[in-house]
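Work the whole structure out from these sequences, hints included.
Here the protein sequences line up with chains X and C, keeping their order.
Residues 1 to 219, numbered by our numbering, are exactly what the first sequence covers, in order.
Residues 1001 to 1326, numbered by our numbering, are exactly what the second sequence covers, in order.
Be aware that a few hints might be false.
[To be verified] Some but not every residue of chain X turned toward chain C, in silico, with C-beta under 8 Å:
no.: 1; residue: Pro16
no.: 2; residue: Leu17
no.: 3; residue: Ile21
no.: 4; residue: Ile25
no.: 5; residue: Gly29
no.: 6; residue: Gly46
no.: 7; residue: Ala47
no.: 8; residue: Glu50
no.: 9; residue: Asn53
no.: 10; residue: Met54
no.: 11; residue: Tyr132
no.: 12; residue: Pro161
no.: 13; residue: Ile162
no.: 14; residue: Ala163
no.: 15; residue: Leu209
To be clear, the hints were calculated from the coordinates, so they are not data collected in a lab.
All figures in this text were calculated on a predicted structure; none of them were measured in a lab.
The beta carbon of each residue, even a glycine, is placed where N, CA and C say it ideally should be.
Spelled out, the chains give:
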Amino acid sequence: KRHFMGGHGIVGGHIPLAAGIGFGIKYKGGDQVCLCYFGEAAVNIGAFHEALNMAAVWKLPVVFICENNRYGMGTAFERVAALTDVAEHARSYDMASAEVDGMDLFAVYEATQKAVAAAREGKPTLLEVRTYRFMGHSMSDPLHGVYRTKEEVEEQKKRDPIAALTHHLRDEGTMDQAAIDGLDAEVRAEVDQAAKFADDSPDPEPDALFQNVLADGHD
Amino acid sequence: MPTLTYRDALNQALREEMQRDPNVFLMGEEVGLYQGAYKVSRGLLEEFGPQRIVDTPIAELGFAGIGVGAAMTGLRPVVEFMTWNFAVLALDQIVNSAAKMLYMSGGQFPMPIVFRGPNGAALQLGAQHSQAWESWLAHIPGLKVVAPATPADAKGLLKAAIRDNNPVIVLEGEMLYNTKGEVPEGELVIPIGQADIKRPGTDVTLICHSKTVSVALKAADLLQESGVSAEVVDLRSIRPLDETAIINSVTKTNRCVVVEEGWHHCGVGAQVVDIIQRDAFDHLDAPVLRVTQADVPMPYNKVLERAAKSSPEKVVAAARRVLYLD
Chain X
1 KRHFMGGHGI VGGHIPLAAG IGFGIKYKGG DQVCLCYFGE AAVNIGAFHE
51 ALNMAAVWKL PVVFICENNR YGMGTAFERV AALTDVAEHA RSYDMASAEV
101 DGMDLFAVYE ATQKAVAAAR EGKPTLLEVR TYRFMGHSMS DPLHGVYRTK
151 EEVEEQKKRD PIAALTHHLR DEGTMDQAAI DGLDAEVRAE VDQAAKFADD
201 SPDPEPDALF QNVLADGHD
Chain C
1001 MPTLTYRDAL NQALREEMQR DPNVFLMGEE VGLYQGAYKV SRGLLEEFGP
1051 QRIVDTPIAE LGFAGIGVGA AMTGLRPVVE FMTWNFAVLA LDQIVNSAAK
1101 MLYMSGGQFP MPIVFRGPNG AALQLGAQHS QAWESWLAHI PGLKVVAPAT
1151 PADAKGLLKA AIRDNNPVIV LEGEMLYNTK GEVPEGELVI PIGQADIKRP
1201 GTDVTLICHS KTVSVALKAA DLLQESGVSA EVVDLRSIRP LDETAIINSV
1251 TKTNRCVVVE EGWHHCGVGA QVVDIIQRDA FDHLDAPVLR VTQADVPMPY
1301 NKVLERAAKS SPEKVVAAAR RVLYLD
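Quick look at the structure:
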């Protein structure tokens, strides 16, 4: 309903799905564009390459956005990837690409806008958005673990895109500190409320177990 | 009633469904310009154009996933695999994406997609091209699996598969494409999940599907020569299984042999036997026997391949054992 096409649990498995959604948009002559997000670790999966190739051959309205945060779980990208410039992969598929500073909101915004416009013209793009993960990989993963140093994490935190944006807004006079703090509190409250909604929601009835395994009816 | 090949019956089903619904499209290797590796899609590119008859690269995982994504936008893709042996490369998309999309989205994304192509052995294609995958596929909740044996069933089940709002696996047979049979004129849609009695009988039930239907029918002819009346039950659908048809036949004959192309271990027949022992235990006069492929990769050598496959003679031998004739 809101055009959010779901979260998918197999690394890289959703990249062909995105190409398929682009295929569906093109088939029906729509002007939508599918934005597909994945990490740099997904680039080593065959599905990434198969999907990019077909998206380019069939001129599908898709933007492939690789959030390169340098680590797939605990494995640094350079330890498992011969080519660490993800955007370079686009050349194998004669696809436009760009490398973007993922810590700069305006740079990401501009690059995405450009890629979306190109996708509407039947030119998919591979965007490599260089960023960093400040937290562990998962709830059970320590902040930096043994695969990276505390110093590295602290150094990267200086590039925090939210902090950089608030500095920018304050410096150019768009928002003062009180307004920024207010916005921050507002967002925190919204997230807390969502978490509370989830915690307070009842478990499903037992017969929900067997619902939606198969759809009823046929065309 | 017109006589058609299995290949042309499938072609008719595709053509009719594509004429009926503009959201139906076919994608796969060599389906367009080449007219299909086995000519199932002959003439469709000319009629429907390259937007709806889509030639893909050799990238089963990728184009299966593109089919799933297209189905998420409301299209009804028919994804052809040149053989199910190659579809193994696409199992992640079939099992992890297509089969689970409706459940994981809480009913938001129906998945009206068909994955089809030839399954099982032909003749001397070697171990990697001669495998029957139905027990793998039928294991997965969220999938339907059909395996038609005749041209009429092929047409009616493919049409039902295309119209179904769920992912449906259609297992065809390279050795079946040239076989001929009567196909009723007009609209032919066979509901998924209904077995068909291909030959009525009273003394022993032979349960089979796909290519083993002709094996069982030949076995029934041979058994008739020694005065044994065999009933041949064609499952047609592996998931859902027509438990009622299985139980009704075994309740009548009290004896049963299950024939399949695949391997014995965890095969379709194991599921059928489970149903029989649970719901027809008191009607059995003998243990149920199974005839399957030998428990080896399919040999290339002609003599060894023949030895590995099920045959009417093997089915007759099993039937005679459950009848305590030997």
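Hints and how they fare:
1. Pro16: Because about 2 Å separates Pro16(X) from the closest Cβ in chain C, which is inside the 8 Å limit, the hint holds.
2. Leu17: holds (4 Å)
3. Ile21: For Ile21(X), the interface hint holds, since the closest Cβ of chain C sits about 4 Å away, which is under 8 Å.
4. Ile25: Nearest chain C Cβ about 7 Å off; hint holds.
5. Gly29: violated (10 Å)
6. Gly46: With a minimum Cβ separation of about 6 Å from chain C (threshold 8 Å), the hint on Gly46(X) holds.
7. Ala47: With Cβ-Cβ at 6 Å, under 8 Å, it holds.
8. Glu50: Holds, because the Cβ-Cβ distance from Glu50(X) to chain C comes to roughly 3 Å (cut-off 8 Å).
9. Asn53: The hint holds - Asn53(X) has a Cβ within 8 Å of chain C, the shortest such distance being about 6 Å.
10. Met54: It holds, given that the least Cβ distance between Met54(X) and chain C is near 6 Å, below 8 Å.
11. Tyr132: With a minimum Cβ separation of about 29 Å from chain C (threshold 8 Å), the hint on Tyr132(X) is violated.
12. Pro161: Not OK, violated: Pro161(X) not within 8 Å of chain C, min 30 Å.
13. Ile162: violated (31 Å)
14. Ala163: With a closest approach of 36 Å, the Ala163(X) hint is violated.
15. Leu209: Because about 10 Å separates Leu209(X) from the closest Cβ in chain C, which is outside the 8 Å limit, the hint is violated.
Against the hints set out earlier in the document, violations occur for numbers 5, 11, 12, 13, 14 and 15.
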